[in-house]
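Chains as they are written, first to last, in our numbering: chain F, 44 to 161; chain G, 36 to 451.
Because the hints were derived from the structure by calculation, they are not lab data. There could be a bad hint or two in this list.
[As the list claims (entries may be wrong)] Below, computed lysine to any residue pairings styled on SDA-like, alpha-carbon distance capped at 25 Å:
#  : chain 1 : residue 1 : chain 2 : residue 2
1  : G       : K265      : F       : A64
2  : G       : K265      : F       : A69
3  : G       : K265      : F       : L150
4  : G       : K163      : G       : E202
5  : G       : K163      : G       : R110
6  : G       : K265      : G       : D198
7  : G       : K265      : F       : P73
8  : G       : K265      : F       : L76
9  : G       : K206      : G       : A267
10 : G       : K265      : F       : H47
11 : G       : K265      : F       : P128
12 : G       : K265      : F       : S113
13 : G       : K265      : F       : G74
14 : G       : K265      : F       : T49
15 : G       : K265      : F       : G57
16 : G       : K265      : F       : R77
17 : G       : K265      : F       : G130
18 : G       : K265      : G       : T169
19 : G       : K265      : F       : T114
20 : G       : K206      : G       : R192
21 : G       : K265      : F       : T110
22 : G       : K265      : F       : A151
23 : G       : K265      : F       : R132
24 : G       : K265      : F       : G80
25 : G       : K163      : G       : D86
26 : G       : K265      : G       : M226
27 : G       : K265      : G       : L275
28 : G       : K163      : G       : A143
29 : G       : K265      : F       : T78
30 : G       : K265      : F       : V70
31 : G       : K265      : F       : V50
32 : G       : K265      : G       : A208
33 : G       : K265      : F       : D68
34 : G       : K265      : F       : D98
[Stated by the list, open to error] Reference listing, derived: stretches of chain F covered by chain G, where coverage requires no fewer than 3 residues with Cβ under 8 Å from a Cβ of chain G:
#  : segment
35 : 56 to 65
36 : 97 to 110
Virtual Cβ for every residue (Gly too), placed ideally from N, Cα, C.
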Amino acid sequence: MTDHLTVTTRPITGGTVLEFAGRLDAVTSPGALRTIGGLALHRGQRLVLDLTRLDFCDSSGISVLITARSTALAAEAALALVAVPRGLRGMLARTGLDAVFPIYPTLARLEESWVPRP
Amino acid sequence: MRREAGDDLTGRDDEVPRPGTSDPAFSALLEDSAEDLYEHAPCGYLSTLMDGTIAKINTTLLGWLGHHRDDLVGRRRFVDLLTVGGRIYHETHIAPMLGMHGAIGGLALELRRADGSRLPVMVTSVVKTGPDGTAQLVRTTIFDARDRRAYERELLRARQEADRDRERVQKLATTLQRTLLPPRLSTVPGMDVAAYYHPASADEVGGDFYDLFPLAGGTWGFFLGDVSGKGAPAAAITSLTRYTLRAAAASDPDPITVLRVLNTVLHHEYNGTDPRFCTVLYGVLTPTADGCAIEMATGGHPPAALLRADGGAEFVDIPGGQLVGALPDAHFAGTRVRMSPGDTIMLYTDGLTEARTRGRVRHNEEELLEFLATVGPTTATGAVAAVTGLLRRFGEGVDDDTALLALSLPVGTARP
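Work the whole structure out from these sequences, hints included.
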């Protein structure tokens with residue numbers, strides 16, 4: 044298990060994918076927040092957080108997810124989570140956050156349901 | 036025994052080669068006599084006979100010691116210049132090492148000066164042997180270590196100060212932690228109440244909190260929760276959360292209303308790019324003729340456990356409550372619980388906002404419930420003791436704060 048976090052940014056149709064690999068905790072969260080703060084999101088776009096390779100997420104990590112959502116909402120963009128690990132899924136369910144984050148098992152499933160805004 | 040200083044230790048001026056040079060500085064250097072260098076070297080020189088008698092000593096060392104040459108040469112031994120501790124060290128360590136290896140270096144000693152004061156020195160000694168290999172005398176070089184000792188004392192002082200600072204900070208953190216927790220839980224007539232708090236580390240103010248307090252009309256408010264993050268920022272939220280919950284409860288004790296007030300306050304306080312939030316269970320306890328009724332609401336907190344009088348254990352599931360402070364329009368959910376004599380309710384935090392998303396989860400809620408089922412029927416005191424025992428068995432594995440709050444109606448405490 045890595046002790047750090049790698050955030051990879053890549054474009055997709057109508058938005059951006061941030062891929063988190065490693066640990067999202069008190070140590071790595073500030074860097075992740077800077078990356079999110081530096082995104083140029085536009086109205087109607089989508090911000091996708093790909094968590095396939097996320098090993099660990101604590102309350103600081105939850106803050107990052109919430110900030111990503113606020114950032115997207117402020118830009119009138121949409122946020123989606125992809126491949127949420129089981130433990131994190133349980134934590135989101137318990138804290139009622141599964142109701143505010145659209146969650147998709149895979150990027151492919153996200154793409155199937157993606158309807159670009161006119 | 037008096038003996039004139041030999042010439043073993045002085046070179047001869049006329050043996051120094053004199054290369055032709057017109058550099059006046061270099062010439063001056065060559066004029067420097069070995070005798071003068073010996074006498075006024077920036078270190079002390081001392082030659083002693085094998086029995087320790089001082090045979091030769093240079094002017095530098097005499098100056099440091101404040102002695103006259105005649106007082107020492109042929110009259111005193113090297114050990115006479117040492118402190119009591121130094122003499123013992125000489126007997127047990129220095130002399131044997133010299134005998135065995137013919138040399139010893141890097142010794143930190145203190146010399147006694149004529150005025151009684153002490154001079155910290157670094158000492159190196161070498162045995163000089165004659166052509167037949169027999170030891171003839173001991174040559175000793177002595178460096179003034181006052182600067183070095185002062186440096187070491189300074190290091191020590193700085194370290195002691197740092198230790199004191201650290202203790203002070205830890206004490207402050209512990210004191211602040213105590214102010215964040217109730218010093219003593221209120222006594223609820225006819226109920227057993229127990230609580231436990233374990234900070235993950237001594238110098239970090241944790242983010243777990245709980246309280247139990249009287250409300251109007253003979254009812255009681257209680258809460259237990261966990262704020263996000265660690266350290267001073269978490270402590271600030273913990274404090275705000277505790278006082279907001281108490282104030283909100285005094286105004287309108289309805290559990291969902293109380294959590295809404297807290298959500299508004301936290302969200303206003305920490306809105307922006309650094310969201311701060313907490314999970315919390317809040318309840319109001321009303322004594323009834325056959326036990327008590329609890330109205331409880333959750334803000335994303337792990338469910339309370341109910342240990343029934345018949346030994347059964349169940350969670351008080353309240354689906355739908357969101358964490359507090361992160362969302363402007365968070366939704367909270369509530370439920371009602373009836374407790375009879377012999378029942379115990381337990382609220383807990385267990386690194387709840389810390390979850391390993393891969394690999395082994397330390398213990399999940401199902402395992403906790405299975406454990407609690409083996410504990411009941413019990414009392415608040417018994418339940419807290421059992422869970423703290425479990426935590427102790429985790430030992431080093433517990434890397435987050437843990438707080439417990441339990442309430443029970445002891446058997447045979449039917450109210451009038």
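Verification of the supplied hints:
1. K265(G) - A64(F): 23 Å, holds
2. K265(G) - A69(F): 8 Å, holds
3. K265(G) - L150(F): 34 Å, violated
4. K163(G) - E202(G): Violated. K163(G) to E202(G) sits at ~53 Å, over the 25 Å cutoff.
5. K163(G) - R110(G): With a Cα-Cα distance of about 21 Å, the restraint between K163(G) and R110(G) holds, given a limit of 25 Å.
6. K265(G) - D198(G): Measuring from Cα to Cα gives roughly 23 Å; hence the hint holds.
7. K265(G) - P73(F): 14 Å, holds
8. K265(G) - L76(F): With a Cα-Cα distance of about 18 Å, the restraint between K265(G) and L76(F) holds, given a limit of 25 Å.
9. K206(G) - A267(G): The given pair, whose Cα atoms are some 14 Å apart, holds under the 25 Å limit.
10. K265(G) - H47(F): Satisfied, since the Cα-Cα distance of roughly 19 Å is no more than 25 Å.
11. K265(G) - P128(F): The given pair, whose Cα atoms are some 24 Å apart, holds under the 25 Å limit.
12. K265(G) - S113(F): 22 Å, holds
13. K265(G) - G74(F): 18 Å, holds
14. K265(G) - T49(F): Holds. K265(G) to T49(F) sits at ~23 Å (cutoff 25 Å).
15. K265(G) - G57(F): 37 Å, violated
16. K265(G) - R77(F): Between K265(G) and R77(F) the Cα gap is close to 20 Å, so the pair holds against 25 Å.
17. K265(G) - G130(F): Answer holds: K265(G) to G130(F) is near 21 Å, not above 25 Å.
18. K265(G) - T169(G): It is violated: about 71 Å lies between the C-alpha atoms, which goes past 25 Å.
19. K265(G) - T114(F): Between K265(G) and T114(F) the Cα gap is close to 24 Å, so the pair holds against 25 Å.
20. K206(G) - R192(G): Holds, at about 21 Å.
21. K265(G) - T110(F): 18 Å, holds
22. K265(G) - A151(F): 37 Å, violated
23. K265(G) - R132(F): Measuring from Cα to Cα gives roughly 23 Å; hence the hint holds.
24. K265(G) - G80(F): Status holds; Cα separation ~23 Å.
25. K163(G) - D86(G): Holds: K163(G) and D86(G) sit about 14 Å apart, inside 25 Å.
26. K265(G) - M226(G): The hint is violated at about 33 Å.
27. K265(G) - L275(G): With a Cα-Cα distance of about 15 Å, the restraint between K265(G) and L275(G) holds, given a limit of 25 Å.
28. K163(G) - A143(G): 22 Å, holds
29. K265(G) - T78(F): Holds, at roughly 22 Å.
30. K265(G) - V70(F): 11 Å, holds
31. K265(G) - V50(F): At roughly 24 Å apart (the allowed maximum being 25 Å), V50(F) and K265(G) satisfy the hint.
32. K265(G) - A208(G): Cα-Cα ~12 Å, so holds.
33. K265(G) - D68(F): Answer holds: K265(G) to D68(F) is near 11 Å, not above 25 Å.
34. K265(G) - D98(F): 20 Å, holds
35. 56 to 65: Violated - the segment 56 to 65 of chain F has 0 residues with a Cβ nearer than 8 Å to chain G, which falls short of three.
36. 97 to 110: holds (count 11)
Hints 3, 4, 15, 18, 22, 26 and 35 from the earlier list are contradicted by this structure; the remaining hints agree with it.
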